[in-house]
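**Student:** Throw the hints in and build the complete structure from the sequences for me.
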Amino acid sequence: GDSVTQMEGPVTLSEEAFLTINCTYTATGYPSLFWYVQYPGEGLQLLLKATKADDKGSNKGFEATYRKETTSFHLEKGSVQVSDSAVYFCALRGGGTSYGKLTFGQGTILTVHP
Amino acid sequence: SQTIHQWPATLVQPVGSPLSLECTVEGTSNPNLYWYRQAAGRGLQLLFYSVGIGQISSEVPQNLSASRPQDRQFILSSKKLLLSDSGFYLCARGGRDGYTFGSGTRLTVV
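Chains A and B, in that order, give the protein sequences. Per the working numbering: the first sequence = residues 77 to 190. Per the working numbering: the second sequence = residues 255 to 364.
Hint data in this document are derived by calculation from the structure and do not stem from the laboratory. Hints should not be assumed to be uniformly reliable.
Pairs of lysine-lysine residues, derived as DSS-like cross-links and limited to a Cα-Cα distance of at most 30 Å, are as follows [as the list claims (entries may be wrong)]:
| id | chain 1 | residue 1 | chain 2 | residue 2 |
| --- | --- | --- | --- | --- |
| 1 | A | 177 | A | 128 |
| 2 | A | 177 | B | 334 |
| 3 | A | 177 | B | 333 |
| 4 | A | 153 | A | 136 |
| 5 | A | 132 | A | 177 |
| 6 | A | 128 | A | 153 |
Stretches of chain A that chain B covers, calculated by requiring three or more beta carbons in the stretch to come under 8 Å of a beta carbon on chain B [stated by the list, open to error]:
| id | stretch |
| --- | --- |
| 7 | 110 to 122 |
| 8 | 164 to 170 |
| 9 | 179 to 185 |
Computed from a prediction, not measured in an experiment: that's the story for all the values here. Just so it is clear, CB atoms sit at the ideal spot from N, CA and C, and this is done for glycine as well.
**Tutor:** What follows is the structure, given as structure tokens:
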């Protein structure tokens, strides 16, 4: 079945550092890929998405490129801020009919220090 | 806009007591709806999903049940809570852009 693997956390960075959170997936067909962010005590919010190979999703300075050849969707940001501290989830929606169910990675906790 | 309401935001319940968490959706009809649980420091576990009124699929056997009495209403219930039911419960609506999540209910069973 479909699966998503994220890099182990937690990740701790200083403000203005470069961020990469790795995400790889296993799926049949052509899945859509997503990154969600969860701030403390809140629900998840869609950060960015990509629906086909080589698409680049971007939002709030974050980027991720759908790489079919490496089955990856790594999240990057050139200069993190304290306000980026949150839990980040990579997710996929299979290309088949699965009632729109998303498969999530285990989440990566990011802490950014001033 | 499409909004998901969850309540209550926080709940403390004794072991053995019943539970009812409600999720309502605005701005869409016949949505796919989901209940997830997030244990402390862990990822998301899909509990139930529903593609229509009265249609519930359970992903894992457990102490909880779900119902969908109306198109835009999704309820998570338990007859007798266990300590292991503690966690952060999230309702979500499926759509073209993935999910829209509610703000969650923090349940502590004591």
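**Student:** Run every hint past the structure and note whether it holds.
**Tutor:** These are the hints, each one checked on the structure:
Distance check on the hinted pair: residue 177 of chain A and residue 128 of chain A sit about 17 Å apart at the alpha-carbon level, within 30 Å; holds. Restraint check for residue 177 of chain A and residue 334 of chain B: satisfied, since their Cα atoms lie roughly 28 Å apart, inside the 30 Å limit. For the proposed pair residue 177 of chain A and residue 333 of chain B, the alpha carbon gap of about 27 Å is at most 30 Å, so the pair holds. About 9 Å separates the Cα atoms of residue 153 of chain A and residue 136 of chain A, which keeps this hinted pair within 30 Å; it holds.
Restraint check: the Cα-Cα separation between residue 132 of chain A and residue 177 of chain A comes to about 22 Å, which is no more than 30 Å; the hinted pair holds. Of the pairs offered as hints, the one joining residue 128 of chain A and residue 153 of chain A holds, with about 21 Å between alpha carbons and a cut-off of 30 Å not exceeded. By the rule of at least three residues with a Cβ nearer than 8 Å to a Cβ of chain B, the coverage given for the stretch 110 to 122 of chain A holds, with 8 such residues. Remark: the stretch 164 to 170 of chain A is confirmed as covered by chain B, as 3 of its residues place a Cβ nearer than 8 Å to a Cβ of that chain, reaching the required three.
Given a C-beta distance limit of less than 8 Å, the hint that chain B covers the stretch 179 to 185 of chain A holds, as 4 residues qualify and 3 suffice.
When the structure is compared with the earlier hints, no violation turns up for any of them.
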